[in-house]
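*Asks:* Chains as they are written, first to last, in my numbering: chain X, 1 to 371; chain L, 1001 to 1371.
Calculated from the structure, these hints are not laboratory results. Misleading hints may appear alongside valid ones.
[Claimed, not checked] Cβ-Cβ distance ranges computed for the label pairs, FRET-style:
| # | chain 1 | residue 1 | chain 2 | residue 2 | range |
| --- | --- | --- | --- | --- | --- |
| 1 | L | Gln1267 | X | Arg22 | 39 to 47 Å |
| 2 | X | Leu132 | L | His1044 | 45 to 53 Å |
| 3 | X | Leu43 | L | Ser1002 | 17 to 25 Å |
| 4 | X | Lys348 | L | Leu1043 | 26 to 34 Å |
| 5 | L | Pro1160 | X | Pro23 | 40 to 48 Å |
| 6 | L | Pro1141 | X | Glu162 | 53 to 61 Å |
| 7 | L | Leu1280 | X | Pro23 | 36 to 44 Å |
| 8 | X | Gln267 | L | His1044 | 33 to 41 Å |
| 9 | L | Leu1266 | X | Gln37 | 25 to 33 Å |
| 10 | X | Asp55 | L | Arg1169 | 54 to 62 Å |
| 11 | L | Lys1331 | X | His44 | 30 to 38 Å |
[As the list claims (entries may be wrong)] With a Cα cut of at most 30 Å, we get these calculated DSBU-like pairs of lysine-lysine:
| # | chain 1 | residue 1 | chain 2 | residue 2 |
| --- | --- | --- | --- | --- |
| 12 | L | Lys1110 | X | Lys110 |
| 13 | X | Lys305 | X | Lys12 |
| 14 | L | Lys1012 | L | Lys1348 |
| 15 | L | Lys1089 | X | Lys110 |
| 16 | X | Lys89 | L | Lys1089 |
| 17 | L | Lys1110 | X | Lys214 |
| 18 | L | Lys1214 | X | Lys110 |
| 19 | L | Lys1089 | L | Lys1214 |
| 20 | X | Lys125 | X | Lys331 |
| 21 | L | Lys1125 | L | Lys1110 |
| 22 | L | Lys1110 | X | Lys89 |
| 23 | L | Lys1012 | X | Lys12 |
| 24 | X | Lys134 | X | Lys89 |
[Unchecked claim] Non-contacting residues of chain L with respect to chain X, defined by C-beta distances greater than 10 Å in every case (computed):
| # | residue |
| --- | --- |
| 25 | Arg1020 |
| 26 | Ala1052 |
| 27 | Leu1245 |
| 28 | Leu1252 |
| 29 | Glu1253 |
| 30 | Arg1264 |
| 31 | Asp1278 |
| 32 | Ser1279 |
| 33 | Leu1364 |
The beta carbon of each residue, even a glycine, is placed where N, CA and C say it ideally should be.
Protein chains: 2
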Amino acid sequence: MSAYLDNHSATKPCSSALERMRPYLEEEWGASFAPHQKGIDQLHALDGRIEALYDLIGATDDDRFFFTSSGADAIHHVLNSVYLELSRKEGKCRFVASCLEDAPLLQGLKRLEEQGCFAEIVPSKPDGTIDLEKLRAAIDPRTALVSISWAPGLTGVLQPIEEIAAICRELDVYLHIDVTYAVGKVSLDFVGDYITFAGDRMHGLKSSGALFAKPGVPLVSSLAGGTLDVPSLTALSAAAQQSMLTLDIMGLETARLRNHFEERILQSIPGAEILFPDSLRLPNVSLLSFPGVHQEALLYLLHRKKVFAAIGGIYHQQLFRLLLACGCEEKVAAGAISFALSRLTTEKEIDYAIETIAGAVRFLQTISGGV
Amino acid sequence: MSAYLDNHSATKPCSSALERMRPYLEEEWGASFAPHQKGIDQLHALDGRIEALYDLIGATDDDRFFFTSSGADAIHHVLNSVYLELSRKEGKCRFVASCLEDAPLLQGLKRLEEQGCFAEIVPSKPDGTIDLEKLRAAIDPRTALVSISWAPGLTGVLQPIEEIAAICRELDVYLHIDVTYAVGKVSLDFVGDYITFAGDRMHGLKSSGALFAKPGVPLVSSLAGGTLDVPSLTALSAAAQQSMLTLDIMGLETARLRNHFEERILQSIPGAEILFPDSLRLPNVSLLSFPGVHQEALLYLLHRKKVFAAIGGIYHQQLFRLLLACGCEEKVAAGAISFALSRLTTEKEIDYAIETIAGAVRFLQTISGGV
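Throw the hints in and build the complete structure from the sequences for me.
*Replies:* Next comes the structure, spelled out in structure tokens:
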């Protein structure tokens, strides 16, 4: 038995994505821009397929779509576009992000700082949302871009997107929203100027990502000069279509399983707590803290019993630091683990996870002498 | 019947690549850096697989390998590394390339020029090789990098790599060699400081590319901050292994088919000529010029009859311009088409191609009133 509750870091490619992709690997593998049948067939194959991606994030025909090789690639393309068009040409070299952001954005900002830009990191409030007053204060006339997640994966807390967008409009700065963890989980609108997400977090492939841009915003042409990766794009659009079709499963059944999981954990483990319980949260994420245990020890035990979860690390922010940045008590942050379900998660997996977590917490509390 | 002789722009993913990849799409799809079994299994799966890539280009254990999302991505990573480490930090902002290079490099250089760098383009000699004296003259103390192809795809002419490397060593500039069209066609050594190639030109996937770097050369860490695309990397290493195993097929059987193709074309079409006949050429490429026809008209007819070939375009250099740059007569350049076989090309395809080309050339010569 196992329970895969680490859909933060990878999701299972859905069978529809793999099936739709297959012909483009086995038969129609020509270069999509080649001026002959084997090229043109590939482009025709995309007819009517990109629409699902537009629908998924509420984009309109006027918005531009770029297929990218990953979610990180999409984020870097946004940063690079703004850097080349605004920082270098107009001297707008300040970038604002929240303290809740993920590695690709933080690494991208670090690179921009090496090139002479400045990154302002805005703190979060204790409810896990970005501090809007501090966001406003962080923006100055030299700010080029505000970049935030619709909902960070580890906390699952939905950010006040409309308010953030209003501030950016008022102060005339561009807004980039990464929806990697929100896409396919809640219904989205194209708020802001750029939207990015990763294929491998929504049952597509690791070799896929998406960037949408509103008309007229800074956007350098892709540096690639290579051929379009039609197989991966086909898989991404199939995954998008499945995500649309199953949005209600996510909002009803997955949310029910998540709530069941949380209730049973609270019942079985005295002192366990749900973090950010009163905030709006993604329906598939459960961020819990367990008293008297250290998150790394608990995660190790869970992983040994094939209950897969996350505390961040190289490619997420460290959950511990992220929680401290939200004003969490150190001992609560030290015992926190994040669980992310997917629409494929079963009740059996959840029940196995509950039992395993309860046993592991009890064991750790015993050997550490209780709380 | 058809004949796919456009292996310049895409090659068929080999069955070994697809089969080796499949488990990583269907079962072992975890994030490779996740600290649990589903992550660790992926890394274990790569044990002993990367070696084939090292072998393919003659790299040693000391050399560093980066998996990239395409050949273009690999080239941009080299340019970006040199730009950030040498141009910005030491003021070395000159880049030298040959006039035979492909779109990803040329686009990358254009972007660098927008950022204040200079690109020097060295002309070619009439035999299709870079002019070594002009190369030497183009390098000055502010030159950071020389970037050339081992063999450009459209001409197939092998470049004097050892001599180029000697000049770069003597003048103390870094050398990047793109081996996209040469890899798996001829045996390679790791000459120079960087080697790049594209997976989709050697029977891997479009979502794969490789960058090798000698120890100590400028190399910024990958901006990605994302997860490793294990499926595409697995496919690339399987494709590399197959390329190694079939290098003799390429050198013997594919070369024989290419020679047969050229002989029969010369016999059937009076005035047809092989371009760069006395240069060392890739065993799979045939660059031919047909008298009294326009390359675009001929290519159109061939494509209608499913004989697929190339004259360059967006993602290659234009063959016409490239040939003029080599000092070719305009009317010879205007009638030129490049054919690229692969190890999967059959004698039947070649015979069909010969017959179709001969018929199409005759037809075009007739309607244009002969030569």
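*Asks:* Run through the hints listed earlier and report the numbers of any the structure violates, in increasing order.
*Replies:* none
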